[in-house]
Each structure stands twice: as C-alpha cells, then as structure tokens.
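Asks: As a plain string of letters, each chain reads:
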Amino acid sequence: MPAILGFQLVAAVVLLFALYRTVRKFRDRTIDVRRFFSWLVLWLGALLLVVWPNLTSRAARLLGVTRGVDLVTYLAVMILFYLVFRVLVKIDSLEQEITKVVRAMALKETGEVYKKSDPTAPNV
Amino acid sequence: MKIIAVVPAFCEETKVGGVVSATLPFVDAVIVVDDGSVDHTGEVARKAGAQVVRHVVNRGLGAAIGTGMAAALAAGADVIVTLDADGQHEAKELLNLVAPIARGHADVVIGSRLLTRRGMPLHRVLANHIGNIITFFLFGIFVTDSQSGFRAFSRHATQMIEIRSNRMEVSSELIAEIRRKSLRVAEVPITAIYTEYSLSKGQSFCVGLRTMYHLLLRRFDR
Numbered sequence: 005m006p007a008i009l010g011f012q013l014v015a016a017v018v019l020l021f022a023l024y025r026t027v028r029k030f031r032d033r034t035i036d037v038r039r040f041f042s043w044l045v046l047w048l049g050a051l052l053l054v055v056w057p058n059l060t061s062r063a064a065r066l067l068g069v070t071r072g073v074d075l076v077t078y079l080a081v082m083i084l085f086y087l088v089f090r091v092l093v094k095i096d097s098l099e100q101e102i103t104k105v106v107r108a109m110a111l112k113e114t115g116e117v118y119k120k121s122d123p124t125a126p127n128v
Numbered sequence: 230m231k232i233i234a235v236v237p238a239f240c241e242e243t244k245v246g247g248v249v250s251a252t253l254p255f256v257d258a259v260i261v262v263d264d265g266s267v268d269h270t271g272e273v274a275r276k277a278g279a280q281v282v283r284h285v286v287n288r289g290l291g292a293a294i295g296t297g298m299a300a301a302l303a304a305g306a307d308v309i310v311t312l313d314a315d316g317q318h319e320a321k322e323l324l325n326l327v328a329p330i331a332r333g334h335a336d337v338v339i340g341s342r343l344l345t346r347r348g349m350p351l352h353r354v355l356a357n358h359i360g361n362i363i364t365f366f367l368f369g370i371f372v373t374d375s376q377s378g379f380r381a382f383s384r385h386a387t388q389m390i391e392i393r394s395n396r397m398e399v400s401s402e403l404i405a406e407i408r409r410k411s412l413r414v415a416e417v418p419i420t421a422i423y424t425e426y427s428l429s430k431g432q433s434f435c436v437g438l439r440t441m442y443h444l445l446l447r448r449f450d451r
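Order-wise, the sequence lines are chains A and B. Each residue of the first sequence is one higher than the one before, counting from 5 in this note's numbering. Each residue of the second sequence is one higher than the one before, counting from 230 in this note's numbering.
Simulated from the structure, these hints should not be mistaken for lab results. Beta carbons: idealized from backbone N, C-alpha and C, even for Gly. Take the hints with a grain of salt, since some may be wrong.
As the list claims (entries may be wrong) - Over 10 Å on every C-beta distance to chain B, these chain A residues come out as not near it, computed from the model:
#1 V17
#2 R28
#3 G68
#4 V76
#5 Q100
#6 I102
#7 V106
#8 M109
#9 A110
#10 L111
What the hints assert, rightly or not - Incomplete in silico selection of chain A near chain B, CB under 8 Å:
#11 E99
#12 T103
#13 R107
#14 E113
#15 T114
Assemble the whole structure, with the sequences as input and the hints as a guide.
Replies: Okay, here's the thing in structure tokens:
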C-alpha cells in the first residue's frame, strides 16, 4: 500500500468514530436493526473506499467514468435524490395521518357539544 | 330528502355569518368546518345557526371538506352540498345543483362558473382552463370548472369518495374520484360573485404551482 494521505487518515478516523456512535445507539436501542444495518453498510463502505481508493478508480474505468471520485459523487447524488423523494412521500403520509387525528377530535368534540346543549339535536 | 350544506372555513369571521344565513333557508342544516381559524369564525357561524365542527389546527381545504362530509353523513344527509365561506356563491342556486341528484340523473353535480363566463376576471378564467387541462391529463376526465367549490354529492357518492388531499388540490382530486368510482357527474351553471375580498383569496399562481406538485405526488401514490 502506498503512503497514506492525510485526508485518508482523517476520513478513516471520522468514519470509525461514526461507526462507534452507531453501534452505541444500537446497543442503547435508540435505533432499530434496519437503521443500524443501513448505517453500518454506509460507514464500512465509505471506510473501504477511503482505505483503498483504487477500488473506485477501477470501478470508474469499468463504467466509463474518468475518476473514481466522480463515480462516487454521481452515485451519492443519485442516492440522495432517491432518499429525499422517500422523505417527501413520508411527509405526505404523515400529513394524512395528522388530518385523521384532527378529524376524529373534531367529530368527537362536536358530538359531545351538541349532545350537551340539546339532547334532541342530530348526532353530528 | 335531507340536504346538508358543508362550508369549510378558515378565518372568515366577516363573511361566514352571511353565508350561513343565506344558505339555511334552502337546506336542512349547515355544517361549518372551522379549520383551525384564529379568529371568531366558529362563534359567528354558530350564532348564525350553523353546526360547527372544529379542527384544532389548520389542515387545509381538502381535510375540512372530508371532515364536513363525515359529519354530514353522520347527521343522516341524503345530499351534501359544499360551498365557499367567502360569499362567492349564490346560495339559492343550491337548488339547481341538487335537482339532478334528486331526479336520479347524477351522483355528483358541479357548479360551473365557466358555462356562462359572467363576471369572472380574465386571469381567473385562464388559471381555470389550465387547471382543467392538467386535471384532464392527470386523471382523464374533463370538466369545465374543476376548481369550483360549489358542488353537490349524493349520499352514495359521498360514501364512495376517498379524499386524501389536505389542501387545495382536493378540487381536482374530487374530479379524479368521480372517474375512479364511476360516478355520474353533471354540470350546472352558477354565478360567481367576485368582490375585492374574495379575489384576494383563492388560487394565486404560486398556490397553483404548489397544487400541481401535490397532484403529481398523488398520481404516484395510488
């Protein structure tokens, strides 16, 4: 292995720290198995590429991309777009759920109000 | 035949009283859905004789209509009419909307401002045309006034319709539901009362863009 670049060292340390924090959170049951596994794959994958950058160069050449780092960037951006899409859809779903709760509260309150003031009123 | 009017309202304390008073003579009950108003909309509506259902937080037009429909169904409505709380609709035209349903010719009736085009400012006519075209491309059904808030539904139609939109895109979603659930729809001309007040509300271009985004999202949802 050629001389290790400063960046690789810093990045490796940061990633190992992130890995440690992630394992801790899993142990503390702050995050669930799926989340833990996803992050584990991410951190280990990044660590792998940081320690052996040639991997990205080889993959890049295979796919017709000039530089390894360009390939990583392209992939990262695509993944981010996909994740953002998923988040937005999730938000929409949450909005619907909130409305369901607010509606249930509204109908319950109205039923009580009208029953109290006029027992003969229609049951809204 | 029990007719119940559903009026979704957000901060319309100056107008909702008048709308309720004008509508009561033509229906068996008026349900005002107070969509988290921060003014006295609910009280004003109640004093005018409406039954008020209140959202603790503002959820949007679609959510308010959904809640109003649920309340109306629970109250035993056979026909449900939606109308705007800002006084844009002529209450007595309500009867024209209910007629096709009463005669058994339609499940849903939409009041169209564009059959006569009276009194509508040009930019609104254009915005409506764009809305109609988008509705057609996304959901495969063309109506002349897809954004109209003056609509009537039979009990059966109301039970069949699922509203998932929270905000203003509900107008287009209702049209889409009509097609999906194979409901019979009819259009009836209505007059639009435009005052400086009601023009400041409603669909601006920015709202239109946001509405389109939400509609596209919904397209992929189902």
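Asks: All hints are to be evaluated individually against the structure, with a verdict given for each.
Replies: Do the hints match the structure? See the list:
1. V17: The claim stands: V17/A keeps its Cβ more than 10 Å from every Cβ of chain B (closest is about 41 Å).
2. R28: holds (37 Å)
3. G68: holds (31 Å)
4. V76: About 29 Å separates V76/A from the closest Cβ of chain B, which puts it past 10 Å; holds.
5. Q100: Q100/A is in fact no farther than 10 Å from some Cβ atom of chain B, at 6 Å.
6. I102: I102/A is in fact no farther than 10 Å from some Cβ atom of chain B, at 7 Å.
7. V106: The claim breaks: V106/A does not keep its Cβ more than 10 Å from every Cβ of chain B (closest is about 5 Å).
8. M109: Contrary to the label, M109/A does not stay out of reach of chain B, its closest Cβ about 6 Å off (not over 10 Å).
9. A110: Since the minimum Cβ distance to chain B is about 5 Å, A110/A lies within 10 Å and the statement is violated.
10. L111: violated (6 Å)
11. E99: holds (5 Å)
12. T103: At about 4 Å, which falls below the 8 Å cut-off, the nearest Cβ of chain B leaves the hint on T103/A intact, so it holds.
13. R107: Where the cut-off is 8 Å and the nearest Cβ of chain B is about 5 Å from R107/A, the hint holds.
14. E113: holds (7 Å)
15. T114: Since chain B brings a Cβ to about 5 Å from T114/A, closer than 8 Å, the hint holds.
Going through the hint list in order, the structure does not satisfy hints 5, 6, 7, 8, 9, 10.
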